[in-house]
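Quick note, the sequences are listed as chains A and B, same order.
Going by the numbering used here, the residue at position 26 of the first sequence is 30; the numbering climbs one at a time, nothing skipped.
Going by the numbering used here, the residue at position 42 of the second sequence is 284; the numbering climbs one at a time, nothing skipped.
Just so you know, these hints were derived from the structure itself, not from any lab.
Note that CB positions come from ideal geometry on N, CA and C, so glycine has one too.
Treat the hints loosely; a few may be bogus.
Selected chain B positions facing chain A (Cβ under 7 Å, derived; list incomplete) [what the hints assert, rightly or not]: (1) Tyr-289; (2) Gly-322; (3) Trp-325; (4) Tyr-330; (5) His-342; (6) Ala-346; (7) Val-365.
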Amino acid sequence: MPELPDDGTLSTQILSSNWRPSRWWWPLVALSAALTVLFVVGVTLTVDRGVGEWGNNIPVGWAFGITNFVWWIGIGHAGTFISAFLLLLNQHWRSSINRLAEAMTIFALVNASMFPVLHLGRPWFFYWLVPYPSTMGVWPNFKSSLPWDVAAISTYFLVSLLFWYLGMVPDLATARDLAPGRTRRRIYAIFALGWRGRSVEWHYYRLVYALLAGIATPLVISVHSIVSLDFAIAQLPGWHSTIFPPYFVVGAIYSGLALLLVLMLPVRAVFRLHNVLTDKHLDAVAKLTLMTGTMLAYSYVCEMFGAWYSGDPHEQFAMLLSRPFGPYGVLFWLMTAFNVVTPQIFWSRRMRRSPAALFIAGLLIWVGMWLERFVIIVGSLSQDFLGSSWRDYAPTWVDMSLLFGSVGLFALLYLAFLRWVPFIPLSEVKGQRYEKAREPGDHGTEPERSVA
Amino acid sequence: MTDLQLLMAGPSASRLLAEFQTPEEMLSAIDALKRESYHDIETFTPYDVPDVDPRLGYRRPKLGLISGIGGLTGLILAYGIQWWANVYSYPVNAGGRPAHAAPAFILATFEGTIVGAAVSAFVALFVWLRYPRPWAPEDEVEGFERSTIDRFWIGIPSFASERDRDHAIDIASRNGALRTVKLGGA
Numbered sequence: 005m006p007e008l009p010d011d012g013t014l015s016t017q018i019l020s021s022n023w024r025p026s027r028w029w030w031p032l033v034a035l036s037a038a039l040t041v042l043f044v045v046g047v048t049l050t051v052d053r054g055v056g057e058w059g060n061n062i063p064v065g066w067a068f069g070i071t072n073f074v075w076w077i078g079i080g081h082a083g084t085f086i087s088a089f090l091l092l093l094n095q096h097w098r099s100s101i102n103r104l105a106e107a108m109t110i111f112a113l114v115n116a117s118m119f120p121v122l123h124l125g126r127p128w129f130f131y132w133l134v135p136y137p138s139t140m141g142v143w144p145n146f147k148s149s150l151p152w153d154v155a156a157i158s159t160y161f162l163v164s165l166l167f168w169y170l171g172m173v174p175d176l177a178t179a180r181d182l183a184p185g186r187t188r189r190r191i192y193a194i195f196a197l198g199w200r201g202r203s204v205e206w207h208y209y210r211l212v213y214a215l216l217a218g219i220a221t222p223l224v225i226s227v228h229s230i231v232s233l234d235f236a237i238a239q240l241p242g243w244h245s246t247i248f249p250p251y252f253v254v255g256a257i258y259s260g261l262a263l264l265l266v267l268m269l270p271v272r273a274v275f276r277l278h279n280v281l282t283d284k285h286l287d288a289v290a291k292l293t294l295m296t297g298t299m300l301a302y303s304y305v306c307e308m309f310g311a312w313y314s315g316d317p318h319e320q321f322a323m324l325l326s327r328p329f330g331p332y333g334v335l336f337w338l339m340t341a342f343n344v345v346t347p348q349i350f351w352s353r354r355m356r357r358s359p360a361a362l363f364i365a366g367l368l369i370w371v372g373m374w375l376e377r378f379v380i381i382v383g384s385l386s387q388d389f390l391g392s393s394w395r396d397y398a399p400t401w402v403d404m405s406l407l408f409g410s411v412g413l414f415a416l417l418y419l420a421f422l423r424w425v426p427f428i429p430l431s432e433v434k435g436q437r438y439e440k441a442r443e444p445g446d447h448g449t450e451p452e453r454s455v456a
Numbered sequence: 243m244t245d246l247q248l249l250m251a252g253p254s255a256s257r258l259l260a261e262f263q264t265p266e267e268m269l270s271a272i273d274a275l276k277r278e279s280y281h282d283i284e285t286f287t288p289y290d291v292p293d294v295d296p297r298l299g300y301r302r303p304k305l306g307l308i309s310g311i312g313g314l315t316g317l318i319l320a321y322g323i324q325w326w327a328n329v330y331s332y333p334v335n336a337g338g339r340p341a342h343a344a345p346a347f348i349l350a351t352f353e354g355t356i357v358g359a360a361v362s363a364f365v366a367l368f369v370w371l372r373y374p375r376p377w378a379p380e381d382e383v384e385g386f387e388r389s390t391i392d393r394f395w396i397g398i399p400s401f402a403s404e405r406d407r408d409h410a411i412d413i414a415s416r417n418g419a420l421r422t423v424k425l426g427g428a
């Protein structure tokens, strides 16, 4: 395993990509900008002409829009899981990847929040979902799941943003002090708030950061639970199940870990970060993926068992016949292959440390998790209680452009992040090396502990 | 340093900064300074050195209390708004369900609590550290910027006399200080 260089060299190595783009940057920006244009076209058509541009039609009132929403918001969960939950558990390996994961959370949330708003039909009135005193004298109905989503997503976004930014302040100060040129220094100085690494700053910072981690952790559980209630509180066969909140939370973390693998491996290769993002990190993320994947497979089985055991013929039909053999049966089996079979390769240590295997597995699971949401949403809606009202769904090109466009927008935001923000938590990586060196029994020097 | 900056720097104008290569040297210098009764010490480090805190004797701030009050405020506001909206101001009878549906109100109340707790902790940090702090007297020292990269600094804000300060310089140098800088003052 390559050793870390000294603190100065490490800072220069990691921040140099913030001063000068790598040769991959512009081609990737061009590609994601092209996809983003597609997204803008899709949004413009949806706002101008309405959701009639989408393939949705009764009984399939929810389709790509809600699938994309659940998919993106789920992806965000792995970021918070890694940065907050693992911080509380003292899992030091998280330090190298936490900022990459948190940025993924923020940008995934940006994407996720747009889909329900577009789905409103009149997106320019989205603020009607917020309780504000108006002359109309009308308030949102908090017994509906839509205002719950607004509360959950806005809270999640705000807390994730505070946590991400606060974690970044010491590194923004390093960027300020290393940046070439006055303009760059000034911009980083504004965002660094005046951080100088004072003892009193570290003293307060450590506490507030840990507290925010503690606060963000229940959000990992609550946000996707609330999203799952959008389905679970409905009567529809295939949705009306108490297993939904934990099932959705596990799937969310799983899909986010998959995307993290897809993002982390190219970053490691392009910026030659093998000394910071080591094989140990890949191994740990792969193990988490295997664990959450297995939990998800268990949820799939439970869902089917619950439907059979309920004795309700509609539930039994939806879960045991319509899902695997109905109009979206192919997608169901693809989903099972991607989400249940793929992670099994991570029982092998060699696979957990092979970038190619991890990247491909991440990609398959990422797609598989989109398919899962599609199968749950469209599969259940298209074949509900009454056979005479069944109708299949097909997406339009606007649906497609919104799906692929949102991937482009995400990539564009992520590329901007890699270009201008210190994406490896430098101060944490340096601090951990120091901590490791002073552990008794290690070859490092043990500082005098007594206070005179 | 200009006169204006000296004036703005206030009581810290006559302070001393000492630069160290490693955290171990910095910590041993702190110990030595404390043995000689220099108690008002601060450090500048590129990362969190946990051994600094017990030496400088910071008191734990009342963060739990502040965040708790913030969270409680969020909780009351979130539940209160929902109650006001759906029970008092605009009750809607949908399928005979009760207007005051506490289980349905729990979700947004939980989120409101989280927002209150998180925002109050974040704001408390800004107030405690007086952010934003665009300029500080240390910035005028050539090479001080390495305190966020790879160097460790000790700062002593004020001294009773010049002799006192010279003695501190002596201690710092004996413990491996690369250099000491007198910042302003006599």
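Go through the numbered hints given earlier and state which of them the structure violates, listing their numbers in rising order.
-> 2, 3, 4, 5, 7
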